[in-house]
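Peer 1: The chain contents come next:
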Amino acid sequence: MLNRLFSEIRFRVRALFRRDRLEQELDTELSFHLQKEAEKHMATGVSPEEARRRARAAFGAVQGTKDDARDARGISLIDSLAQDLKYALRGLRKRPAFTMGVVLTLGLGIGANAAMFGIVDRLLFRPPLGLKDPETAHRVFQHGRTQDRRPRVLRNFAFRRYLDLQRTTRSFESFAAFQTRTLALGEGSDTHEAKVTLASASYFQFFDVRPALGRFYGPAEDSVPAGSPVVVLGHDYWQARYGGRSDIIGQQLRIDRGTFTIIGVAPNGFVGAGDQGVPAAFVPITAYAHAARGPGYPALHTWTWMEMLARRKPEISEAAANQDLTSAFLASWRETIAANPNWGKLEDMGIRGELAPMLLARGPHAGRDAKVATWVLGVAAIVLLIACANVANLFLSRAFARRREFAMRLALGVTRARLARQLLTESLVLALIGGAVGLVIAQWGAAALRAAFLDAAASAVIVDPRTLLFTALAVMVTALLTGIVPALQTGRGNLNLTLKGGANEGPHRSRARPLLLVFQATLSVVLLIGAGLFVRSLSHVKNYRLGYDVAPVLYASANPRGYRPSEAEQRSLAEAMLETAKRIPGVQYATLTISVPFWSNEGTGLWVPGIDSVTRRGNFLFNTGSPDYFKTLGTRILKGRAFDERDRAGAAPVLVVGERMAEALWPGQDALSKCVRIGADTAPCSQVIGVAEEMRLRSLTGEREYSFFVPSAQHTAPPVPEIFVRVTGDPERLIEPLRRELQKLMPGPAYVNVVPLSELVDPSLKAWKFGTTMFVAFGGLALLLAAIGLYSMIAYDVTQRTRELGVRIALGSSVSRVLGLIVSSGLRLVGAGVVLGVLLALWGAKWMEGLLFQQTPRDPVIYGVVAGILLLVAVVAAVLPALRATRIDPNSALRLDG
Amino acid sequence: MARTPIDLLQGTLDVLILKSLSWGPRHGHAVARLIRASSEGAFEVLDGSLYAALHRMEERGWVEAEWGLSDKGKRAKFYQLTPLGRQQLKNETASWQRYSVAVAKLLTATVQP
Numbered sequence: 001m002l003n004r005l006f007s008e009i010r011f012r013v014r015a016l017f018r019r020d021r022l023e024q025e026l027d028t029e030l031s032f033h034l035q036k037e038a039e040k041h042m043a044t045g046v047s048p049e050e051a052r053r054r055a056r057a058a059f060g061a062v063q064g065t066k067d068d069a070r071d072a073r074g075i076s077l078i079d080s081l082a083q084d085l086k087y088a089l090r091g092l093r094k095r096p097a098f099t100m101g102v103v104l105t106l107g108l109g110i111g112a113n114a115a116m117f118g119i120v121d122r123l124l125f126r127p128p129l130g131l132k133d134p135e136t137a138h139r140v141f142q143h144g145r146t147q148d149r150r151p152r153v154l155r156n157f158a159f160r161r162y163l164d165l166q167r168t169t170r171s172f173e174s175f176a177a178f179q180t181r182t183l184a185l186g187e188g189s190d191t192h193e194a195k196v197t198l199a200s201a202s203y204f205q206f207f208d209v210r211p212a213l214g215r216f217y218g219p220a221e222d223s224v225p226a227g228s229p230v231v232v233l234g235h236d237y238w239q240a241r242y243g244g245r246s247d248i249i250g251q252q253l254r255i256d257r258g259t260f261t262i263i264g265v266a267p268n269g270f271v272g273a274g275d276q277g278v279p280a281a282f283v284p285i286t287a288y289a290h291a292a293r294g295p296g297y298p299a300l301h302t303w304t305w306m307e308m309l310a311r312r313k314p315e316i317s318e319a320a321a322n323q324d325l326t327s328a329f330l331a332s333w334r335e336t337i338a339a340n341p342n343w344g345k346l347e348d349m350g351i352r353g354e355l356a357p358m359l360l361a362r363g364p365h366a367g368r369d370a371k372v373a374t375w376v377l378g379v380a381a382i383v384l385l386i387a388c389a390n391v392a393n394l395f396l397s398r399a400f401a402r403r404r405e406f407a408m409r410l411a412l413g414v415t416r417a418r419l420a421r422q423l424l425t426e427s428l429v430l431a432l433i434g435g436a437v438g439l440v441i442a443q444w445g446a447a448a449l450r451a452a453f454l455d456a457a458a459s460a461v462i463v464d465p466r467t468l469l470f471t472a473l474a475v476m477v478t479a480l481l482t483g484i485v486p487a488l489q490t491g492r493g494n495l496n497l498t499l500k501g502g503a504n505e506g507p508h509r510s511r512a513r514p515l516l517l518v519f520q521a522t523l524s525v526v527l528l529i530g531a532g533l534f535v536r537s538l539s540h541v542k543n544y545r546l547g548y549d550v551a552p553v554l555y556a557s558a559n560p561r562g563y564r565p566s567e568a569e570q571r572s573l574a575e576a577m578l579e580t581a582k583r584i585p586g587v588q589y590a591t592l593t594i595s596v597p598f599w600s601n602e603g604t605g606l607w608v609p610g611i612d613s614v615t616r617r618g619n620f621l622f623n624t625g626s627p628d629y630f631k632t633l634g635t636r637i638l639k640g641r642a643f644d645e646r647d648r649a650g651a652a653p654v655l656v657v658g659e660r661m662a663e664a665l666w667p668g669q670d671a672l673s674k675c676v677r678i679g680a681d682t683a684p685c686s687q688v689i690g691v692a693e694e695m696r697l698r699s700l701t702g703e704r705e706y707s708f709f710v711p712s713a714q715h716t717a718p719p720v721p722e723i724f725v726r727v728t729g730d731p732e733r734l735i736e737p738l739r740r741e742l743q744k745l746m747p748g749p750a751y752v753n754v755v756p757l758s759e760l761v762d763p764s765l766k767a768w769k770f771g772t773t774m775f776v777a778f779g780g781l782a783l784l785l786a787a788i789g790l791y792s793m794i795a796y797d798v799t800q801r802t803r804e805l806g807v808r809i810a811l812g813s814s815v816s817r818v819l820g821l822i823v824s825s826g827l828r829l830v831g832a833g834v835v836l837g838v839l840l841a842l843w844g845a846k847w848m849e850g851l852l853f854q855q856t857p858r859d860p861v862i863y864g865v866v867a868g869i870l871l872l873v874a875v876v877a878a879v880l881p882a883l884r885a886t887r888i889d890p891n892s893a894l895r896l897d898g
Numbered sequence: 001m002a003r004t005p006i007d008l009l010q011g012t013l014d015v016l017i018l019k020s021l022s023w024g025p026r027h028g029h030a031v032a033r034l035i036r037a038s039s040e041g042a043f044e045v046l047d048g049s050l051y052a053a054l055h056r057m058e059e060r061g062w063v064e065a066e067w068g069l070s071d072k073g074k075r076a077k078f079y080q081l082t083p084l085g086r087q088q089l090k091n092e093t094a095s096w097q098r099y100s101v102a103v104a105k106l107l108t109a110t111v112q113p
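Chains as they are written, first to last, in my numbering: chain A, 1 to 898; chain B, 1 to 113.
It should be emphasised that the hints constitute simulated quantities derived from the structure, not laboratory data.
Glycine is no exception: its CB is placed at the ideal position from the N, C-alpha and C atoms.
Please note that a few of the clues may not be correct.
Mimicking EDC-like on lysine to aspartate or glutamate, the simulated pairs with C-alpha atoms at most 16 Å apart in a straight line are [to be verified]:
| no. | chain 1 | residue 1 | chain 2 | residue 2 |
| --- | --- | --- | --- | --- |
| 1 | B | LYS19 | B | ASP71 |
| 2 | A | LYS674 | A | GLU659 |
| 3 | A | LYS40 | B | GLU64 |
| 4 | B | LYS72 | A | ASP190 |
| 5 | A | LYS542 | A | ASP762 |
| 6 | A | LYS36 | B | ASP71 |
| 7 | B | LYS74 | A | GLU659 |
| 8 | A | LYS132 | A | ASP208 |
| 9 | B | LYS74 | A | GLU39 |
| 10 | B | LYS74 | A | ASP762 |
| 11 | B | LYS105 | B | GLU64 |
| 12 | A | LYS744 | A | GLU25 |
Selected chain A positions facing chain B (in silico; Cβ < 8 Å) [claimed, not checked]:
| no. | residue |
| --- | --- |
| 13 | THR28 |
| 14 | PHE141 |
| 15 | SER673 |
| 16 | VAL823 |
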């Protein structure tokens, strides 16, 4: 068997190299035969020409025999492929415009797909870099119910849960605890904030990585409770801060409130299981917890702060491991409930563990990004389909134009299969070139995508082996899709008719092309409707008044870093920060605050005379501010007044309520002067002095959120002074001066951090913007491709009918009638596509709903506009060439031939 | 020569070529002539397929080819049976005989068995 295979291969290879000689011998042999045969005929008295003709006829088609003989010699497969390739390349070189058009179209289609695949792959499919055996590595989630019985899924746990699970489960090799936090690094004026991953020693065992320098820490340095103050630096941080020097091992680094000794550097690109990019440092989670909460932290029930990973034993099924996890959670919670009886009954809490994949986007906490990215990949695929339809169509037109050539070759004895293979080779070559162009486009365009979708820090090479593989697949599919229809159509029909007929005759309208046109129009409509919906949705998001200004506002916070000031100190520090900030040129207003929109919120109990259990009505967000609070944020006071100097500590307590809160609590009444008790039902009455414009503080869509505002002076000072500053001009320019001035006020190790408010608010708008950008980009691409496709197809058809049109005009048909004829036939097809597309979009609308903001997915305006655009493209595509056709002199049209 | 040529059954051509070559080496045209003559015109070998068959058999090692001069001094490719080809001819002849006897028996039967 193997022997045969080898001799077969030897034969083929030898045949390939000896090709030219064999070819020559074949010619000699066949011509010898023909000559002998002709001689025989001549002996019977026939003329030499007739003799040769008879000889040839008896022989059958010469070309076919050569092919057969080649097949017999075994070179056919490789050789004919090379021949097909040569032939295809020659054909493509001869028609540069056609080739360019096809390559660009396919390049855009394939490029869009490659780029999107890179994103979706990273979001959904590819396990984190270096993860060992992803099958058995899990992220731990816990299902449960809130006190008001709503289901919720948690992934942040108390440290004791981690200890309990390790102690009571049997299905796992190990657990790891980790948490990525933004912490202060360095000292004095060099203090800066960076992401630090607090991780158990077992965390590194989940990954197959070696430190770039030094070592990772081990279990002894991560012992409960205090661990050891050691730190492993992130590669990027090491490069940026220490210039990649290797003599840093043993140096000290201040992190948060402790001093840590550098023992190693993580390998380049190592992110771990976090979703916030490459951390600047890794420290033992016990060392951090001990410094932050003291030695008692392992017993705390309430400090739920860290995430967990679990490594399942390979012989245990996931279902069994889940069961084990659930019972361990229940046992652990039994203790918690015993210690905190007022938290409810264990039976009511519906606690259950879940082992999810390591990728957040595939677990129960998948964000909108993953959903949107999947959608966009689908969109990219549709774009590719449209591109394929365009190209298939071009091929068909070309195949039609070449049908005499094909007929000739068939007559010469080339088999149909061979001809079809040649066409497929041609489309494969084009798809390959298109794929190469696509990769360039992907590489170039993906940088933008990545910035929008993935953490900038997570970026690496875009065109990696997986994307390449995907692209290769896309190329194959493309080649098949574009080549198969023309290949199937080759040599259909009567050869004689084709050979005799002129270029403009014959049964030239195949059934495939109108179908392609309808198909293309359908897809374009669906995409364009999607794009339209997203554009409207984004304009809603953009024009949506958050109730405050984001762009001109800076947020400054003082981080005490373990320093514990008295309440009096806190107040005076806050006042000093406010006064200092106001003195800086360019600062308009400044105010104290305790909450930051979309970043941190406070809630509190609320009692209103005459209303039962107010807090059941929703989430009442509690905010404090100094007199310039509303001016700083640009929030309008609709009724009454904002707080001012009169509302000091000790003065009559007051509050400002948001518009919707006033409406919800006192519908149809004047909210001013109403009494609200804040914090406890025994608290003194706070009087409503004003109604402010509604502020969106936690989500764009949350309907059950209300907000109210209390003067800072009448509220206990927050542990960390925080201020908002409104500036004129470029806010970025003021960040550093503000930080420098405020830092001078800081006592001891405390430091100041200043960021633009937009940096905190924008991420929550990112997913909306992202989806829109992508849909619009791809929708635009689709429209362009579809327009080109429709135009070329209709225009080509019209050109093909030039002769027919000439006849009609010669017979007295008016130009307008002929125009009407052509336009209506184009419109009929595109119209069918539009109807199908609209139906498809209506059907798919329900899945779009969650991705749109204040926008119905069945917006008739958008549907109408899209349908209009496509029909317009169809009309233009039909009218232009039709006009040209009608201007042709009927006489010359009638004589028109090949 | 008034006989109508019959189509060759699939697989028959090979054995006919082998038989023609069993008389000694000859070139393609001679093989075609021999088949035509010895079947008294019953078998019309389309010459193209003859060469395909010859090349195929060359690949399988049943025949060997050698360039030589024809009786008129022209360069021609002469084919000759290899031992393997001779064996093949023996096998094919045997199975053909069995086959044709069986078919003849069946077709000439006068009573239903």
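Peer 1: Against which earlier hints does the structure fall short, listed by number upward?
Peer 2: Numbers 1, 3, 4, 7, 10, 11, 12, 14, 15 and 16, in rising order.
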